[in-house]
Amino acid sequence: MRALIGRGRALGNTWVTDMRHFLDGAGAMPDGMPGPALDLALFLGAIVAWVTSGRSAADHRMNVACRRSPGRRRCPGEILASFEADGASISWHCPLCGDNGVTRGWEGTPWDRRRTETSP
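For the sequence shown, the numbering used here puts the final residue at 125, and the numbers step up evenly by one.
It should be emphasised that the hints constitute simulated quantities derived from the structure, not laboratory data. There could be a bad hint or two in this list.
Claimed, not checked - Quick list of the computed label-pair ranges, beta carbon to beta carbon:
1. Ala31 / Gly76: 20 to 28 Å
2. Arg120 / Arg79: 16 to 24 Å
3. Arg78 / Gly30: 25 to 33 Å
4. Gly30 / Glu83: 33 to 41 Å
5. Gly76 / Gly37: 29 to 37 Å
6. Arg120 / Arg77: 39 to 47 Å
7. Arg78 / Arg119: 16 to 24 Å
8. Arg118 / Asp91: 29 to 37 Å
9. Leu45 / Gly76: 27 to 35 Å
10. Gly92 / Asp36: 27 to 35 Å
11. Ala31 / Arg109: 27 to 35 Å
No residue lacks a Cβ here, since even glycine has one placed at the ideal position from N, Cα and C.
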């Protein structure tokens, strides 16, 4: 049975993910990844890339559309995301359908957009 919040809206899924689980031993996405896993990796990767790209911490809006389809209709929500206080976790949610999650293990992955400092 689905949990309900607010005015009868269904509570979205809660995803606790580690981005390294989508990578092979060489740190790349493996060929032949099943479609649903690839879709999830690309969705979560877009969130990680957006948050780590250095956008303003005051604005949590992103250019990442919600991926849920409650009632077989695409959710029109846009994902909101930010770093958690520990700096190693990214929390995200859709304000319309409630889909949400926490992503870890993104450091050093292809989706990590932080600038790396180089020594002279």
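Taking the hints in turn, this is what the structure says about them:
1. Ala31 / Gly76: 20 to 28 Å: violated (41 Å)
2. Arg120 / Arg79: 16 to 24 Å: At 34 Å between Cβs, range violated.
3. Arg78 / Gly30: 25 to 33 Å: With a Cβ separation near 40 Å, Arg78 and Gly30 fall outside 25 to 33 Å, so the hint is violated.
4. Gly30 / Glu83: 33 to 41 Å: holds (35 Å)
5. Gly76 / Gly37: 29 to 37 Å: holds (32 Å)
6. Arg120 / Arg77: 39 to 47 Å: holds (42 Å)
7. Arg78 / Arg119: 16 to 24 Å: violated (36 Å)
8. Arg118 / Asp91: 29 to 37 Å: violated (19 Å)
9. Leu45 / Gly76: 27 to 35 Å: Given range 27 to 35 Å: violated, Cβ gap about 20 Å.
10. Gly92 / Asp36: 27 to 35 Å: holds (33 Å)
11. Ala31 / Arg109: 27 to 35 Å: violated (20 Å)
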